[in-house]
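2 protein chains.
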Amino acid sequence: MKKMTRRMFNTTLSMGVGALAAMPKAACQSTNNDKKLGVALVGLGSYSTYQLAPSLQETTHCKLAGIVTGTPEKEQIWADKYGIPQTHIYNYDNFDTIAKNPDIDIVYVVLPNSMHADFCIRAAKAGKHVICEKPMAMNVEECDAIIDACKKAGVKLSVGYRLHSEPYTQEMMRLAKDKDFGKPLFVSADAAYISRGNPDQWRLNKALSGGGALVNMGVYSIQSTIYGTGMNPISVTAQEFSTRPEYFKDTDETITAQFEFPNGLVGNIFTSHNASINRMYVAYEKGWAELQPANNYGPLSGTTSKGPMPDFPQERKQQGLQMDDFAKHIFTGSKNLVPGEMGKRDMIIVEAIYQSIKEGGKKISLDLGMMGIV
Amino acid sequence: MKKMTRRMFNTTLSMGVGALAAMPKAACQSTNNDKKLGVALVGLGSYSTYQLAPSLQETTHCKLAGIVTGTPEKEQIWADKYGIPQTHIYNYDNFDTIAKNPDIDIVYVVLPNSMHADFCIRAAKAGKHVICEKPMAMNVEECDAIIDACKKAGVKLSVGYRLHSEPYTQEMMRLAKDKDFGKPLFVSADAAYISRGNPDQWRLNKALSGGGALVNMGVYSIQSTIYGTGMNPISVTAQEFSTRPEYFKDTDETITAQFEFPNGLVGNIFTSHNASINRMYVAYEKGWAELQPANNYGPLSGTTSKGPMPDFPQERKQQGLQMDDFAKHIFTGSKNLVPGEMGKRDMIIVEAIYQSIKEGGKKISLDLGMMGIV
Numbered sequence: 001m002k003k004m005t006r007r008m009f010n011t012t013l014s015m016g017v018g019a020l021a022a023m024p025k026a027a028c029q030s031t032n033n034d035k036k037l038g039v040a041l042v043g044l045g046s047y048s049t050y051q052l053a054p055s056l057q058e059t060t061h062c063k064l065a066g067i068v069t070g071t072p073e074k075e076q077i078w079a080d081k082y083g084i085p086q087t088h089i090y091n092y093d094n095f096d097t098i099a100k101n102p103d104i105d106i107v108y109v110v111l112p113n114s115m116h117a118d119f120c121i122r123a124a125k126a127g128k129h130v131i132c133e134k135p136m137a138m139n140v141e142e143c144d145a146i147i148d149a150c151k152k153a154g155v156k157l158s159v160g161y162r163l164h165s166e167p168y169t170q171e172m173m174r175l176a177k178d179k180d181f182g183k184p185l186f187v188s189a190d191a192a193y194i195s196r197g198n199p200d201q202w203r204l205n206k207a208l209s210g211g212g213a214l215v216n217m218g219v220y221s222i223q224s225t226i227y228g229t230g231m232n233p234i235s236v237t238a239q240e241f242s243t244r245p246e247y248f249k250d251t252d253e254t255i256t257a258q259f260e261f262p263n264g265l266v267g268n269i270f271t272s273h274n275a276s277i278n279r280m281y282v283a284y285e286k287g288w289a290e291l292q293p294a295n296n297y298g299p300l301s302g303t304t305s306k307g308p309m310p311d312f313p314q315e316r317k318q319q320g321l322q323m324d325d326f327a328k329h330i331f332t333g334s335k336n337l338v339p340g341e342m343g344k345r346d347m348i349i350v351e352a353i354y355q356s357i358k359e360g361g362k363k364i365s366l367d368l369g370m371m372g373i374v
Numbered sequence: 001m002k003k004m005t006r007r008m009f010n011t012t013l014s015m016g017v018g019a020l021a022a023m024p025k026a027a028c029q030s031t032n033n034d035k036k037l038g039v040a041l042v043g044l045g046s047y048s049t050y051q052l053a054p055s056l057q058e059t060t061h062c063k064l065a066g067i068v069t070g071t072p073e074k075e076q077i078w079a080d081k082y083g084i085p086q087t088h089i090y091n092y093d094n095f096d097t098i099a100k101n102p103d104i105d106i107v108y109v110v111l112p113n114s115m116h117a118d119f120c121i122r123a124a125k126a127g128k129h130v131i132c133e134k135p136m137a138m139n140v141e142e143c144d145a146i147i148d149a150c151k152k153a154g155v156k157l158s159v160g161y162r163l164h165s166e167p168y169t170q171e172m173m174r175l176a177k178d179k180d181f182g183k184p185l186f187v188s189a190d191a192a193y194i195s196r197g198n199p200d201q202w203r204l205n206k207a208l209s210g211g212g213a214l215v216n217m218g219v220y221s222i223q224s225t226i227y228g229t230g231m232n233p234i235s236v237t238a239q240e241f242s243t244r245p246e247y248f249k250d251t252d253e254t255i256t257a258q259f260e261f262p263n264g265l266v267g268n269i270f271t272s273h274n275a276s277i278n279r280m281y282v283a284y285e286k287g288w289a290e291l292q293p294a295n296n297y298g299p300l301s302g303t304t305s306k307g308p309m310p311d312f313p314q315e316r317k318q319q320g321l322q323m324d325d326f327a328k329h330i331f332t333g334s335k336n337l338v339p340g341e342m343g344k345r346d347m348i349i350v351e352a353i354y355q356s357i358k359e360g361g362k363k364i365s366l367d368l369g370m371m372g373i374v
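Protein chains in written order, with my numbering: chain A, 1 to 374; chain B, 1 to 374.
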């Protein structure tokens with residue numbers, strides 16, 4: 001196997017990543033490089049501002065290279081703060097010209113959910129690798145469209161599930177796989193925060209968000225049940241609760257759902273915009289393990305029936321680890337920890353939960369196989 | 001108010017407790033006595049053998065005074081071990097003659113669930129105070145019959161919920177009441193153990209148990225949601241899961257249920273005979289508290305969002321505390337921590353859960369008011 005040289009690598013990058021992705025896999029399998037992939041953030045809301053941009057200051061394999069914003073006054077602020085040249089700043093109208101920018105390798109879509117599909121597909125068409133913030137899209141159909149567009153363009157696709165790069169989460173995944181405590185028998189995951197802010201925020205507007213607590217926080221609970229057991233659910237039942245309909249006019253406030261997994265393993269989740277909860281728990285044949293907090297920006301904390309988990313490193317931001325893992329995948333062909341199929345699978349589950357609620361808690365069968373399980 | 005003297009007290013006891021209970025309340029309000037109430041255990045299975053009898057060796061206000069058993073070979077063993085005279089040993093046929101025994105003040109019914117109502121009612125008719133092991137009975141109708149019989153006989157009635165006398169549990173009740181962290185917004189409680197023993201045991205025989213995991217372990221979860229929030233649920237939905245139908249031929253293996261409480265508070269429970277779990281959690285407006293373990297024989301352990309709970313004393317067995325609290329209630333008229341109405345309320349909830357399952361997860365309304373909340 002021919003080893004990739006620095007010069008080859010730089011040449012590859014200057015070709016744009018569409019070409020990179022189209023190259024034979026072996027040609028990309030180098031970790032011996034000091035070139036960072038350029039990331040453009042699309043949408044400069046609080047998640048980009050306070051999580052992603054700071055994370056990109058400490059990443060090893062990627063860096064903040066461009067921004068895409070619909071708010072002109074943010075352009076200069078970001079340009080000054082992060083030294084972004086005017087040529088690397090885009091708005092939603094001229095976004096597609098990003099195709100011509102060889103310094104942008106990855107487009108990270110951090111827009112309201114209703115805009116995910118459009119911008120992910122446009123990014124793919126521009127020949128850029130794509131990270132789509134969670135939830136992946138408004139519905140399964142849009143997830144498929146994103147996945148297809150990335151395949152067609154020969155670019156890599158990931159979803160903004162940062163926890164797959166987080167060490168306590170990885171330990172929970174390892175326990176499911178290595179069976180230190182035997183097989184999992186039950187998993188419980190609760191993810192919630194109290195929303196009392198501006199009632200006009202996009203998250204509370206179904207046309208922009210696609211749903212309420214379930215698509216915002218519930219996907220964490222869904223994720224926890226799956227990586228905590230290493231399996232996809234085979235059926236779901238669900239219920240909805242409401243206490244402040246005047247505030248949650250348009251989106252779900254609180255949802256509980258029960259999953260049936262293969263081998264009769266049961267999952268139980270709670271998600272809400274009206275409580276503050278952040279935990280997951282797995283009971284195995286011979287012990288248990290839990291994380292609390294389980295899905296905030298860290299540091300997380302874990303305990304098992306044997307005592308506290310090891311002190312896994314928590315210095316680096318989860319988002320930085322996540323983007324570095326994706327960059328490694330692009331560079332070396334290492335496993336994509338969060339493929340698009342994972343985001344699609346979660347959207348299938350989300351839709352099944354809403355369907356069960358609509359049908360009075362009816363059991364909805366799921367035929368997911370190993371979809372999204374890496 | 002005339003203070004009760006030792007002589008009066010002894011006289012009262014020698015009258016039998018039916019007469020004691022019928023006396024004006026003030027006459028009983030003395031804590032200044034060194035007389036212990038005599039307890040007769042009905043049913044000498046493992047709970048009596050390993051929990052109740054040992055607990056009665058360390059109680060302050062009551063003592064083991066008699067036994068009732070259907071197994072003749074147990075009579076001598078218990079007589080020798082605990083110095084029980086032949087006159088204080090009964091079988092199921094001659095049980096009613098216990099009425100004539102002035103040394104027996106309390107009858108504690110520890111039989112299979114199907115026998116609770118019969119023996120509680122006979123104990124009440126014999127003029128004895130009654131403790132009925134949990135679950136209180138096979139159905140609500142039987143609970144009513146027990147409550148009525150005790151009322152008619154003028155005897156006190158309690159249910160074997162030992163945790164109401166347990167300090168970590170009492171701390172959870174206090175948090176709901178004093179609102180250290182604001183109002184509760186969500187409660188979760190899981191209670192389960194793995195049953196792999198004799199498939200012919202009475203707990204797995206519906207005619208003897210009235211139900212499976214739900215009536216055995218689920219009542220702990222139901223209890224946790226109520227004492228953790230200080231409220232009764234107003235509706236419930238539920239689901240059933242099964243993995244080993246050949247073993248659980250007759251009774252429920254795993255059940256999940258969702259409660260709606262006043263003010264929109266949501267409760268989520270899991271109970272099973274096919275997993276080992278023992279925990280409860282309450283999310284309040286400004287923090288959280290949890291117990292793990294939450295309902296085993298101790299020691300329990302508690303944590304809040306501020307850190308570990310104080311080291312509450314755990315030296316005394318929960319069952320001893322429970323029986324002493326009931327004895328104090330009899331002696332002094334102090335609050336009955338676990339009145340019969342609490343056991344009945346939980347049976348109403350159990351029946352609603354089974355009904356919801358039968359109707360495919362339909363929401364069942366509950367009209368409990370403050371029933372059973374002390």
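Keep in mind that the hints were calculated from the coordinates and are not lab data. Just so it is clear, the structure is predicted and the values come from calculations on it, not from any experiment. Treat the hints with caution; some may be incorrect.
Same chains, same label: a pair holds when it works inside one copy or across any pair of copies.
[Said to hold, decoys possible] In silico EDC-like links for lysine to aspartate or glutamate, alpha-carbon gap of 20 Å or less:
(1) Lys362 x Glu240
(2) Lys286 x Glu315
(3) Lys74 x Asp148
(4) Lys363 x Glu240
(5) Lys179 x Glu359
(6) Lys183 x Glu58
(7) Lys335 x Asp178
(8) Lys183 x Glu351
(9) Lys362 x Asp118
(10) Lys328 x Glu285
(11) Lys179 x Glu240
(12) Lys179 x Asp367
(13) Lys74 x Asp93
So, going through the hints one by one against the coordinates:
no.	hint	result
1	Lys362 x Glu240	both (13 Å within a copy, 12 Å between copies)
2	Lys286 x Glu315	neither (32 Å within a copy, 27 Å between copies)
3	Lys74 x Asp148	neither (32 Å within a copy, 74 Å between copies)
4	Lys363 x Glu240	both (14 Å within a copy, 11 Å between copies)
5	Lys179 x Glu359	neither (37 Å within a copy, 37 Å between copies)
6	Lys183 x Glu58	neither (38 Å within a copy, 41 Å between copies)
7	Lys335 x Asp178	within (19 Å within a copy, 51 Å between copies)
8	Lys183 x Glu351	neither (28 Å within a copy, 32 Å between copies)
9	Lys362 x Asp118	neither (33 Å within a copy, 39 Å between copies)
10	Lys328 x Glu285	neither (36 Å within a copy, 42 Å between copies)
11	Lys179 x Glu240	neither (34 Å within a copy, 26 Å between copies)
12	Lys179 x Asp367	neither (25 Å within a copy, 45 Å between copies)
13	Lys74 x Asp93	within (16 Å within a copy, 87 Å between copies)
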